[in-house]
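Trainee: Once you've looked at the hints, go ahead and assemble the two chains, each given alone in its own frame, into the complex.
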Amino acid sequence: MSDLTETDTLDTAAANPVEGIDQSSGNFSYDVKYAFDAGTGISERVVDYISAVKKEAPWLREFRMNALKTFLAKPLPTHWATRDLENIDFDRIRYYLSQGQKPKRTWDEVPADIKRTFERLGIPEQERKFLAGVEAQFDSEAAYSNIKEAVSKQGVIFVNSTEGLREHPEIFRKWFGKVIPTGDNKFSALNSAAFSGGSFIYVPPGVKVSHPLQAYFRINAENFGQFERTLIICDEGAEVTYMEGCTAPKFSTSTLHSAVVELVALRGAKIQYITVQNWASNVFNLVTKRGLAHEEAEIKWIDCNIGSRLTMKYPGVVLKGRKARGEVISIALANDGQHQDTGAKMIHAADETTSTIVAKSISVGQGRSTYRGVVHIPRHLKGCKNNTECDALLINTNSRTDTYPAITVRGDRHAVQHEASVSKVSAEQIFYLQQRGLTEGQAMSLSVNGFINDLARQFPMEYSVELKRLIDLEMEGSVG
Amino acid sequence: MSTLEVQNLGVSIADKEIVKGLTLTVGSGEVHAIMGPNGTGKSTLAKAIAGHPDYTITQGDVLLDGHSILEMEPDERARAGVFLAFQYPSEIPGVSIANFLRAALQARMAEGEEIDASAYYKRLYQKMDMLSIDRKFTARSVNEGFSGGEKKRCEILQMAMLEPKFALMDETDSGLDIDALRIVSDGVNQLKGPGVGILMITHYQRLLNHIVPDVVHVMYDGRIVKSGDKSLALELEAKGYDWVKKELVNA
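So the protein sequences, as listed, match chains A and B.
Anchor point for the first sequence: position 382 equals 382 in the working numbering, and the numbering is continuous, going up by one each time.
Anchor point for the second sequence: position 33 equals 33 in the working numbering, and the numbering is continuous, going up by one each time.
Hints listed in this document are in silico derivations from the structure and should not be mistaken for laboratory results.
We put the CB at the ideal spot given by N, CA and C, even for glycine.
Do not take every clue at face value.
[Claimed, not checked] Derived list of chain B stretches under chain A, where covered just means 3 residues or more per stretch with a C-beta under 8 Å from a C-beta of chain A:
#: 1; segment: 69 to 76
#: 2; segment: 80 to 92
[Unchecked claim] Here's a subset of chain A near chain B, in silico, CB distances under 7 Å, partners left out:
#: 3; residue: ARG436
#: 4; residue: GLY437
#: 5; residue: ASN453
Pulled out of the complex, with its shape left as it was, chain B reads as follows (with noise of 0.2 Å):
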């Protein structure tokens, strides 16, 4: 059982704090999804538990497991387990889906150790298979000309391949249409399990729909303000944020 502990973390970017002592655990197994208005610090969140370096930290902490891992590098902290499935994935030319996952996989091996070239496709096949992913998609460059839906599919191959302790997603649904939605969903689901926490950050409640969270965050200038379970999902769907807002004042 592992937990990552988001503690009155404070996050700034050029000078201006966009998460205002933010609060949460996610324990394994478990699926939390944040939601909120554009512009409330959900992604800054995401980013800087991933150690983006343009973010700053500027109060409280993040333990993996009870351990900080605010000193860390961005590849410590992947490689200790923390996945980050990007709202927008970055292209790699020339390098194919199928070197750049060795890659990351080989870098966290041993020094010395080789990675089985057999044994690594025949996972690569197996886990394209169960994510419905054509093999002729190994090939190609990373996330060059892939339309929204391959490259959210393409974060998920990923995911599935490294098996990270914790997932961050941010923003999975955004720019899919309804079928994309339902294949990327369908590959979450599939991973999720008693060794993975998953934390979803989404604008819209669609698609919890098609992946049921078991907590439910709102977030609200850089704060969560209300936890709920999954119906809070559906109230802030039909009464909209104007109403956590109201409430807010109102408290």
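This is chain A alone, in the form it adopts within the complex (with noise of 0.2 Å):
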């Protein structure tokens, strides 16, 4: 087993006060063997290869190679998103890599050379302190996935897809594919075929999970595409908060995170989803991810995206009950060669639903940010409301910020309300606080966290301090 990379930062001198700080936490990589790859490229063959190397029932096998069939008949929907879509090859991709299907149950049982990753990233030490259960991905699979056994005696199910489609299917399989189709877009095709790992979970009628459940997606190989799928069905009244985390290496080449997440909140239910993508700047991070909310169910995202080359995230809620709840929360920062393009759908299904978008982004040099919303509320409808807030941050002249809102709302009986704006952190600020002391760097820190901390102090204390660190890494190396 070779050592660190030359990725690695942690050694380095420090005459420079930034050098000494590892600048990107998840930038790292260590050399793993891997005993099942299903090589690159995406076909039929590497399909069936997935769907055997899991042990698959044949329904499922013919759902992916649909799936594959619409993957390959969408064109890219570069009509209205970036081009830099184009740069994706899919050919060079490696869709499935593990050293195994089944996760372990203990940190001791993970192989040293798995474990060790996440040990730097300090996950167990987080389930210890705070967390329900914990499912750490590597590349394609979970390699460890426990749930605290208070909560499982609950009848909490906290297990990775393939094992929540061969174990449980009477649960799972009324739901899956249901919110999300196939064919909803270009990338949630290619992931319906390609698939492997994520969470899926299942909260029985009046639970409520105390402490929230994590999952942490981790990339190691180069050229590496991860597709986890992940599904929540959250029981009449039950509620349950899940929280991500993703990190990968800079690797020169690119590299593919597309996920499918779908959520069901039965009535009354309660979920919160929350994630922090912290992505290196070579990976496209193209997710969907919706919730359908039943009658007084509650869904809320909060989404915060810092790293990646290219993120297309747009969080959305079907309200499809009587008086459900939507909320999306999203945070984006772009730095220097990076897109954000994020923002939310609300599709208002059922009379008195209420939705609220808060968006708010920031772009830093080079970097660009673009919030797209859609909410849509029909004729037929009565008392639904939509509130939508976006607001962006651009730090020096170079960058860019563009609002793309779709608000549709027919008939006479809503209330919509829409925000945004766009302000500037000007030299004068700057100036301003380094003549108290603080560098440029922490200077830029402060006005950004200053920005988002309204929604910051939403978040579990954990994920708050979290975040600020991460903005604190990006702002300190944006000092040129």
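Mentor: If you want it as structure tokens, here you go:
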């Protein structure tokens, strides 16, 4: 087993104050031997390989094969999205890499070469401190998956997608692919063909999971595509908070992360889904996330995008039952060479449904951020409410921000509000902060943290601390 | 005992020379006032000493305890002990005064050292009491929606917490009514002492009724043209700046 690769920055000399800091906490990789490797490119053979390795039921293999056809038939959405998508070379990507399909239940059993990655990312420590359960995915499969006994005794199921579909088809098959159909977009089709890993969660009626469940997604291999599939079903009156973190080392070639996440909140249930994405700046992060909220249910997405080369992600809620509530809180930071194309979708499909979107983006240097939102309220409904707020912060004149809010409201019995603002961190503001003794990087970081402060306060403590730390690192690194 | 020496300093902005060979020395415990008509280069002098990136030094030097600070970044100068109370302080949305001052103090500590939060708040509240500032103030975003008087008091609070060697006070009296002027002046008087040298920049004599200077300099056209004790300020008030101009022409 080899030692740290040269991308590691831990032992850099401290002559430059910024140099001593590990600029991107996830930017390291260890060599790992893979027992299962589907090779490069996507084809029927590769899909067959994945399905066979997982010993899947025939219906699932069929599902994958149909999805592959859809993927191949669908064009890239470059008529509205960035042409950078054309730079993804689907034939060079490796679609499945793992050491095995069964995650370990204790960290001691996790192979040492994988375990040290998660230890360095602090996952076992977080689990001990404040989590009800953890799944740690390494490339295609979960290396570790565990749920606290007290939680599993309540009937909560927290497993990976393979196990969920195999062991609990009566629960998961009903909703699998129903919130986000295969053909929703080209990347949801690709995921449906090649998916591996991700979390399948079921919370029984009335059970309120007191601590968050967490998944950590780690890309380790170069030219790799990670396609996790997550499905969370919260039964009547149940509540759960799920958090995901993502990192990858920075390779010279590009990497693809294309997940599908489906949430189902049955009558009166509450789901909160928190993401802190810190992919390396060569990762295409093209993720489809949507929730289905039944009567009086509530789905809240908190989506923080710090890393990646291009992120396209618009978490949505279909408000299917009367008085259902949907909320998206989105924070995006686009640094040099990054494009954060993020937003939200709120589809009102029942009376008296409410939705809230608050999106804050920060563009630094040549970074570009885009807000895209869809709010749809049809004519036959009454008493629907939407409130959308998009705020953009620009740091220096080269950065770019765009806002594309598409709000369609028919009928006259609804209340809709939309606000947008663009502000700048001025040179005077930076000078003022520097005059109080803060370095330029610290000054920018404090300004950015102030801009998102009202949103960050809604996070669990551990995640708001993590978010602040990531912003500090980004800002320190962006000072020229 | 510290000194801040400005030696034959020239400052320009966008190729326009504003300060033209200015010399003065402030020592710890001293209060100097610079008076002069608008557009004569008073604020430019203060910002140039603090290292504002828009200003170019064309000649001369600025020494803190005998060492030039001109090559230092603005934040390095600040940490070395130079404080500028701004005429128009910036707003920092979403950053509370308490967090802002904490970050400023943290920036002065060695790497790996952490501020003791309870000692910090104790000290902050003590200074706020001294300056008659409501404790609720700490939760408000820095300067956001502040009145003119609140902004100036916030500057004085920062000065009290950061304990600089030298404070440059740029038109601290501007935009204040008589009551606010008294509160701010009382604050500065509380902070006056053997450990700090103060350079006050003002257009009007009225501030000097509240904060009595040891030395008064009259600045005109980028230079100091007259220096004296506090009586010079009164003379200036009585005769107006035209008096200085005429003296210059006659000289």
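Trainee: List in ascending order the numbers of the hints, as given earlier, that are violated by the structure.
Mentor: Checked against the structure, no hint fails, so every one of them is satisfied.
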